[in-house]
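Asks: The residues making up each chain are set out below.
Protein chains: 4
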Amino acid sequence: MADHPFTPTVYWNTIGSHEPALYVESGDTVQTTTVDARGWDSAGDQAAARGNPMTGPIHVAGAEPGDTLAVRFERIVPNREWAWASDVLSPNVVDPEFAARLPKADIRRWKVNAAEGCAELEDARAGYWAGRRLPLRPFLGCFGVAPARGQAISTSTSGEHGGNMDYRGFVAGVTAYFPVFAPGALLHLGDGHALQGDGEIAGTGLEISMSVRFTVTVLKGRAIGWPRGETEDRIFTVGNARPLDQALQYATTEMLRWLTEDYKLTVQEASQLLGQTVRYEIANVYNPAYSVVCLIDKAYLPGVATS
Amino acid sequence: MADHPFTPTVYWNTIGSHEPALYVESGDTVQTTTVDARGWDSAGDQAAARGNPMTGPIHVAGAEPGDTLAVRFERIVPNREWAWASDVLSPNVVDPEFAARLPKADIRRWKVNAAEGCAELEDARAGYWAGRRLPLRPFLGCFGVAPARGQAISTSTSGEHGGNMDYRGFVAGVTAYFPVFAPGALLHLGDGHALQGDGEIAGTGLEISMSVRFTVTVLKGRAIGWPRGETEDRIFTVGNARPLDQALQYATTEMLRWLTEDYKLTVQEASQLLGQTVRYEIANVYNPAYSVVCLIDKAYLPGVATS
Amino acid sequence: MADHPFTPTVYWNTIGSHEPALYVESGDTVQTTTVDARGWDSAGDQAAARGNPMTGPIHVAGAEPGDTLAVRFERIVPNREWAWASDVLSPNVVDPEFAARLPKADIRRWKVNAAEGCAELEDARAGYWAGRRLPLRPFLGCFGVAPARGQAISTSTSGEHGGNMDYRGFVAGVTAYFPVFAPGALLHLGDGHALQGDGEIAGTGLEISMSVRFTVTVLKGRAIGWPRGETEDRIFTVGNARPLDQALQYATTEMLRWLTEDYKLTVQEASQLLGQTVRYEIANVYNPAYSVVCLIDKAYLPGVATS
Amino acid sequence: MADHPFTPTVYWNTIGSHEPALYVESGDTVQTTTVDARGWDSAGDQAAARGNPMTGPIHVAGAEPGDTLAVRFERIVPNREWAWASDVLSPNVVDPEFAARLPKADIRRWKVNAAEGCAELEDARAGYWAGRRLPLRPFLGCFGVAPARGQAISTSTSGEHGGNMDYRGFVAGVTAYFPVFAPGALLHLGDGHALQGDGEIAGTGLEISMSVRFTVTVLKGRAIGWPRGETEDRIFTVGNARPLDQALQYATTEMLRWLTEDYKLTVQEASQLLGQTVRYEIANVYNPAYSVVCLIDKAYLPGVATS
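Chains A, B, C and D, in that order, give the protein sequences. In terms of our numbering, the first sequence has 336 at position 157, counting the first letter as 1, and numbering is strictly consecutive. In terms of our numbering, the second sequence has 331 at position 152, counting the first letter as 1, and numbering is strictly consecutive. In terms of our numbering, the third sequence has 233 at position 54, counting the first letter as 1, and numbering is strictly consecutive. In terms of our numbering, the fourth sequence has 342 at position 163, counting the first letter as 1, and numbering is strictly consecutive.
Looking at chain A on its own, in the form it has when it is part of the complex (with noise of 0.2 Å):
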């Protein structure tokens, strides 16, 4: 249960099972930063390569194919006082007919105080953002472990594996789980976000370095199809795919999966649970791949008392 802290010096644009930048056991704790999907770092220098360049990956010793990877977030807090966002939405997300009628989009500064945990745009004098505040959420946009087959698959998407999901629940306090397809499992993480609405519907969230705490356990023996998480109060399950009907597919198939394999509930019984109380979230409508989280409340899970 060591404690690692980690200064990257490589980073790479794509998930894949590159050689490990840090060996760590499980149960470990990781102290580390990431750079902003553009490469810069906390100081704002070209640090990396953009397109979401990764620090990693983490070899956690054990880890083997079909076992699955947990990493627990601890802290997600941004490293420096600015991020960047685009200012319009993108085509993809409107009417193909109101798409020609988008403005050209630019590339906005907001003023980001973490201690305060409130950001503002920039450069606002006048008009709707003049004086206006937005709370922070930081979470990591892109994470994940080396997908099967020793494919290498770029940081811009996301499959079985994580990758770019740009889900804005992935906060600090919740724990992910990844299916593990290569030795050491090799976890990628980066591409902060100090806040996004469901979607990332403009293209960006508020791109931000990170400063990250996170600690990795293996679950050995224990193989899942689709990457999951947990809140306090939720158990989740990610769908990556387009369009957003296959990846609900994906992420429903894996929540059944969840509910009967684990919980064993019968199909029936976990159709009408999910059917009554299912919860979607859209967590991006922009990437190659699109995602879309389906959650259950830990109080409906079988030995949780009830109303």
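Derived from the structure by calculation, the hints contain no laboratory data. Be careful, since some hints might not be right.
[As the list claims (entries may be wrong)] Over the 12 Å line for every Cβ pair with chain B, so calculated as not near, a few chain C residues: (1) Arg217; (2) Ser221; (3) Gly230; (4) Arg251; (5) Asn271; (6) Gly382; (7) Lys443.
[As the list claims (entries may be wrong)] Far from chain D by the CB rule (all over 10 Å, computed), these chain A residues: (8) Asp182; (9) Gln210; (10) Gly218; (11) Gly241; (12) Arg259; (13) Pro282; (14) Lys283; (15) Ala293; (16) Gln330; (17) Pro362; (18) Asp424; (19) Gln425.
[What the hints assert, rightly or not] Below, a list of computed lysine-lysine pairs in the DSS-like style, where the Cα atoms sit at most 27 Å apart: (20) C:Lys443 x C:Lys477; (21) A:Lys290 x B:Lys477; (22) B:Lys283 x B:Lys399; (23) C:Lys443 x D:Lys290; (24) C:Lys443 x B:Lys283; (25) A:Lys477 x A:Lys443.
All residues carry an ideal CB built from backbone N, CA and C; glycine is no exception.
Given the coordinates of chain A, work out where chains B, C and D should sit on it, guided by the hints.
Replies: Chains B, C and D only, in chain A's frame:
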């Protein structure tokens, strides 16, 4: 501002320019009942043909194409003590490969206690559902106004005119807005659900007959493109289409219009607000047209104080 | 087997259970005309409201729900010397990022010479289209029978009842089959195109009024699920839905039913035939419902000799 | 213009920047073999791991990012006398409700006679397939160049770099064009099909090992966005994505670029040509990325005489 107790005698399985069953004025309140999706009324009798039979249509004096009809629900309460629901997920919400492994769906009865606000599966003597209760959250699954061009559209689906959106957010306290396409607007309503999760992924909610009270108001000269709504805290828009991607495009474009045309934000101001704070809800992913809801907190609307 | 010359005086912009304009017997032939998608007739006069106005409906004696209506086109010929067409692709068929770069679409006139079977852009004095001619291939873009449940469905879209499929394969010589949902079947037809590529990707074909001759036959007790068709060489099924994936699913399932129920192949036999020889055509990728056609060579049907 | 007989000894299940197996010059011809999708070679031995193992990569001197690689197939001929194929449609190509009724798929053997150009199901003693033969049309299902950003992408899927497109149009006589992303282009090839219908809807063609002969040419400084191709009569572009709608958008946009940038048509001229004459083919609707092909007759290209 009259109050109309109304007992339906005719039901429609399409939403269209049918003979009005009730004539009211803008500002009037209607107290009526709806039968369930199979046409069973409060006594359990077959009062109408199955397939979301509608109470109405209600003609609202002065409503003309180009106006908006506001429908504020004051009360949506089950008027009998049982509901029915499917017990297996719909095959279209799981992986196609998994669909073949789903058991055949049955219809199950639920006991509904409106006074205590809870429901339980009727014959659950053992297993997960034994002794387990779910909290009610009653809403109408299908309601809307006569569509454009003299169409009569099946209540199995939805469109710009509303219809079978199966949005669990249309509870008492919410105001729904519809574009008016025909003189008198011609409001139809039915398909009550005592409870339902996101997406109606088992193909049903807890299907039940309802006692409903609502107030209709004509907003003259205010044209909207898709159903909109308003809760105490949020405004929202609804897009109805397949796949989910397109439903989301419709809902997002309609919200962008609302923010720019009514609240006078620029496209960039609105895009930045949506990009960092928007919420989406998947209302239904089962009907011929899926429904996606786009929501913004009222706290972010201009003129409202922010943190 | 009467022959009915029929001059329409009323046109409909929905397909529904409207008052029949003509009563015929099974086996009868009808000779009539259709106006173009904007309601302009052979003389160029506005004879009907724009939006695919339909000739009909034609009531075929003896057709009842559960039967099939066969419509064999003997003649589909433009009855005026000009057509109109859009000159820019629809934004939904290009990348969303590219859609913003499309110029604004205009409507252009084409000269149509039915005798010589060719068309040319009317005012192309220079550039690509100067002196260039395209061969005609006239068909009806929108035709079908009254849909189920008393619906009246806009002629902008399509469904199990047919409608605005815009399939360039519905030329003279082809027999179309529709499921009958209402007594008399109630055939509507219109929206002639002198020529069109796959998908109707500019949003129009060469839009023109037509002289049409066809024979209707009721196939008693033969129920089908979706429009079907037959050429000299092939049989085909049509699925109408969004996205293309679902239209393809409907068409493929309908073909599988045809091969197994009518031609008595097992699912495996039919799957192997389809897997190695099926052809798909994208009829339209523009209307509210897209249309995909699934085709099999008649040479592969049982009872027909093969190489 | 050397001729390279090449016997592969290593196979790859990803397409990526792997160690070149053969170095050639632009204009050179390669004569080699490919194993089938399960790694079985001409002798039926397991020569490589299953999952579309690739022959190559072949390094073409002078090819740099921003160039185009042309691959002209002179010969694609089965080099053994049997193929294998699935006998049931993939569940994703039928209605979700119907998927549950599909029988379990088996792998069946087909006898392949390359000399006579036909195939027949091996053990069809009775029923539809007894004595029935299908004409061969051999092509490569999976081939392409190393993708951008150092990615290594599974041969189960496809993208801008080509890959598992399963397009039955890639037969001998056709020239394929790929964007070059890595020095030497790094061509991979395999997954031969002796025959397949549109869409690969049973999940396989007639899977077989091949003898292949092709010529590679580097087109310096000519950048393309997606795979393109050319037959004697037509030019075409390939879009790879889900759903089919997006694959079609990619293919159409690429064709529009081709017509406007290379053939110097205006967007309006190209739109009118595409709108009235375009053809689409659904290459595959089975793999993780679907493939849609957009085709134009060469007769319509500027400089070519027309009727």
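Asks: Hints first: check each against the structure and report whether it holds.
Replies: Here is what the structure says about each hint:
no.	hint	result
1	Arg217	holds, 15 Å
2	Ser221	holds, 25 Å
3	Gly230	violated, 7 Å
4	Arg251	holds, 29 Å
5	Asn271	violated, 9 Å
6	Gly382	holds, 17 Å
7	Lys443	holds, 24 Å
8	Asp182	holds, 32 Å
9	Gln210	holds, 28 Å
10	Gly218	holds, 13 Å
11	Gly241	holds, 25 Å
12	Arg259	holds, 26 Å
13	Pro282	holds, 21 Å
14	Lys283	holds, 19 Å
15	Ala293	holds, 31 Å
16	Gln330	violated, 5 Å
17	Pro362	holds, 17 Å
18	Asp424	violated, 8 Å
19	Gln425	violated, 7 Å
20	C:Lys443 x C:Lys477	holds, 15 Å
21	A:Lys290 x B:Lys477	holds, 23 Å
22	B:Lys283 x B:Lys399	violated, 50 Å
23	C:Lys443 x D:Lys290	holds, 24 Å
24	C:Lys443 x B:Lys283	holds, 26 Å
25	A:Lys477 x A:Lys443	holds, 15 Å
Checked against the numbered hints given earlier, the structure breaks hints 3, 5, 16, 18, 19 and 22 and satisfies all the rest.
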